[in-house]
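Here the structure of chain A is known, so what remains is to put chain B in place on it, guided by the hints.
Residue numbers (this note's numbering), protein chains in the order written: chain A, 1 to 590; chain B, 1 to 590.
It is worth saying that the hints were derived from the structure and are not from the lab.
A hint or two may mislead.
Given that identical chains are not distinguished, each listed pair holds provided it fits within a single copy or across any two copies.
[Said to hold, decoys possible] Calculated lysine to aspartate or glutamate pairs in the DMTMM-like style (CA-CA distance at most 25 angstroms, straight line):
id	residue 1	residue 2
1	K200	D311
2	K200	D372
3	K105	D278
4	K200	E380
Number of protein chains: 2
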Amino acid sequence: MSRGRAVNACCVRWAVRGLASRRAWRIPKVAGAMAPLGEGSDDPVLPDLPRGPLHAARARASFPWKELALFWEGPDMLRFKKNIFSALENDPLFAHPPGSLSLEKYRELTFLRCKRVFEYDFLRVEDLLGSPLRVLALIQCLGMYDWSLATKFFLHTLTFGSAIYSSGSERHFKYLPKIFTMEIFGCFALTEVSHGSNTKAMRTTAHYDPTTEELIIHSPDFEAAKFWVGNLGKTATHAVVFAQLYTPGGQCHGLHPFVVQIRDPKTLLPMPGVMVGDIGRKLGQNGLDNGFAMFHKVRIPRQDLLNRSGDITPEGTYVTHVKDARQHFSESLGSLSSGRVAIAGMSVVNLKLAVSIALRFSATRRQFGPTDEEEVPVLEYPMQQWRLLPYLAAAYALDHFSKSLFLDLVELQQGLLGKDRSARQAELGREIHALASAGKPLASWTAQRGIQECREACGGHGYLAMNRLGDLRDDNDPNCTYEGDNSVLLQQTSNYLLGLLVRRDQGGARIESPLKTVDFLEAYPNLLGHRFEGSSPEDCLDSSVPLAAYEWLVCYLLRESYQKLNQEKQSGSNDFEARNNCQTSRLVKP
Amino acid sequence: MSRGRAVNACCVRWAVRGLASRRAWRIPKVAGAMAPLGEGSDDPVLPDLPRGPLHAARARASFPWKELALFWEGPDMLRFKKNIFSALENDPLFAHPPGSLSLEKYRELTFLRCKRVFEYDFLRVEDLLGSPLRVLALIQCLGMYDWSLATKFFLHTLTFGSAIYSSGSERHFKYLPKIFTMEIFGCFALTEVSHGSNTKAMRTTAHYDPTTEELIIHSPDFEAAKFWVGNLGKTATHAVVFAQLYTPGGQCHGLHPFVVQIRDPKTLLPMPGVMVGDIGRKLGQNGLDNGFAMFHKVRIPRQDLLNRSGDITPEGTYVTHVKDARQHFSESLGSLSSGRVAIAGMSVVNLKLAVSIALRFSATRRQFGPTDEEEVPVLEYPMQQWRLLPYLAAAYALDHFSKSLFLDLVELQQGLLGKDRSARQAELGREIHALASAGKPLASWTAQRGIQECREACGGHGYLAMNRLGDLRDDNDPNCTYEGDNSVLLQQTSNYLLGLLVRRDQGGARIESPLKTVDFLEAYPNLLGHRFEGSSPEDCLDSSVPLAAYEWLVCYLLRESYQKLNQEKQSGSNDFEARNNCQTSRLVKP
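This is chain A alone, in the form it adopts within the complex:
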């Protein structure tokens, strides 16, 4: 069914164009990694594959797979991953139990496994900044094993931990060692029952009481209950809770993050005034305990306001270096960007797993043939190749894209921590935000469709739970929704791209960005005069040809959207209506 949105389609095309551009294809540094490894090598990191039903297909490869693995990952990363996989493989706690687990048992087991991952100490705290790609690799290795575990670990260490680190100040650093020893267990409580995408409309309140120097956290009604919060259902002892901050006199200073104790770390019983529970079975990731919480006038010390962007004096005066509420809001939610980049990478892992399962099955499953006696592996059918190989290619392209974007994000975060307030830093922040807001939808939707295609391409056997394609689909699905619904996120990218045109049209600003992903738009609208001049299939094999096509398409969609937006405004629509009315068009999702 043909559906879509010009603006959103435009964002996705732009992200795809980024994939095809040379910038994205920076070759990772793997000096010395290209030394050929013979098939007979007994390298423990890349041992020869056992002979089995796949041998015949593998023997026909036109390239040495070990060289590709080394080129793609580098020897250090391969060793790092091997170390994680070996530990999990040899630890009975990580054995997949026969049959299926009850919800309670699965959540309990996931918590125990999460604790064990800390004990393995795969990644020292000091590595977090030193080897940033290892952070991603650890999450992805855990996710290859089970996304419930990876998400549980990730939400505690990275989401909860870095919210405290990056939104708080020195007075909050006392929490950090407790996070890494799991003395406390954390979660990130932003979403409420009635508000997800519209974060500004969250209704949990934090009133300051100067007589006791305490903040009173309160949920006015059930619709304002925190909801969907990962780790909150059974296990979190602490939460970073977002609430509207009120100072004495009743002035609201907007959404701020607070550290709120949820449960007693010894007994896991809820703290007084906190009503907390599990939201029940989900479509997937059922080892993760998503939960809800309502606060009945829960008092916390003034110091537990995470005060990087705003603070309260003991007397109750609000102080901030931030100029206005809009900047305030965007600073306190800045940590959300990293979630989107991580999700792009997580989606790629799901796509890789599904494609591997489907290709291996297809290389051994035989069905029909030129004669009744001779059957052909289904992978030999052009139809099967047509169904699966584009997703194999997408897995490579998106894997590189997500790592590259992650490294850009690390650069941005280092600037933020170093209090870099330069124009370039601000522009880099906007560019990465726009890239992540289109890259997450691109990766998660590609994975969603790819897994479904893999499931169907494996026929009936693909429907058997043990083959994992169902779990992959179910566990990948929230990637399309959390940290921003894909369709809503794409609007953030479209606002960025349209904003570039507006700035140039109104102020003559040159269109350029720190990562140069938008520089080609400087040729807009002239670029629209370019015409496709290929005359044979061979002409299209040069990557510059699809790249030029994508550039043209981004410009075309941008022009259509920009004109539609301007028409809407001229015909009297306000900004809200105008944006809504130009979100749909004849163009389809990627």
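For chain B alone, coordinates are given in the frame of chain A:
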């Protein structure tokens, strides 16, 4: 990602064209059904809806919903469905238990519910032919409740029961009353571990032994085990088993169906020589016990060969009215066509349920608005409408299509039972087979994508299991695979369409069919000269415009496929290669 196949895309376009054509829109006979029912009416079949959060949206409807329901279903059908729903609603056995059930418990409960459905006797045996649409409605009502139950019931009564009725003869009718009292419980065992689509390659054998007048059913190895058979895992006492029939001297007469007892009906213990079990958890429909079975020289009476198309004399001579193995094969598998039509209808039910859930949620969920104070129901956003309303329209179109095709199938089956061997009957069989082979993919894929879009359009809350969108997706998924993988089925339709061209080109045969769905192809290739002449959006609102566009598109895809096929053959490919190489192209799935 743009993928597809010219031939297959062609089949789907043809099926879509069928939707748009007037033929498909025969108005059901609902004389007297249009009498207006006021909102205040207390009709027990269509009671007024309770006032609730949806009232505001419903009050804005531009048509009376009761009139639409009456027009669409007719009063008798509405009453029939209401009767089923009320029975299930008031019976504690059908209460949805809180929490989730273990696999064993869910399968046991589904069996008990299946037995209860027989006790309710919603549909008398004599209604099976008298009110054919009620058969479909019963299955669909049960499926609205739970597809595991519907499938379990359906496999026993219709698949097993009608295989015996239509493939057997009077000597087998003794089984029929036992089916309707559930004294025996049946399944249909065709698929094997290593062969699904390629039915001809099934390897279970049936050797005739004239000394005892018995047939010996045998599985040569595990790859020949019957597999995926619904009801076989825990509960079936009898199976229709497909096996290669051998007469003394070693001659193979191809695949034939046999009634084989699997378990003792009193104890459910396996019969001697039968190794039978459950294949475990699936992606969905986990209340249904899919199973495997291997036969170790299991002896059955000669009479348990279902002998409509071929029989064995006591001495071991094979007798048949069928001319060759190909005709034999197609007669013994004829009952598969009805499965495809039923699946199209089942897919529509899933789409209806998902769209209803998503639209109701969207009418009450508010997010963002023109001001910070005022939030808008998300259904008011053009984006949300763009995502959901095409699927609402598809649900209506496909609902009508599947019912209409079902009635055509009933006509065909009545002819078969009446031993109609006319040319029209044969042509009707081919046409319905082609329609069902494209209609099932169209309906099941539309449902698959529609449910996914509904899930995503409900945001995070759509990921909560209690909202059923996950179960719908999981339960709908096998519709894309069983009774023929969608991609493979489409090739059967493409063979039919290409065959029409070949017959005309080679023998000058006119292109026409009993249901007239292909008659427009008589204008091929001239129809390709037609050009779109609309100049405004209004021009496209007349349904003849998209119909003409679909006709053009079918012709275009058919020409491309036909030319490619001929090129392949001219360049020396055999039939097998030629067909494979023209299955992929630049065109996308529907």
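Which of the listed hints are broken here?
-> Structure breaks no hint.
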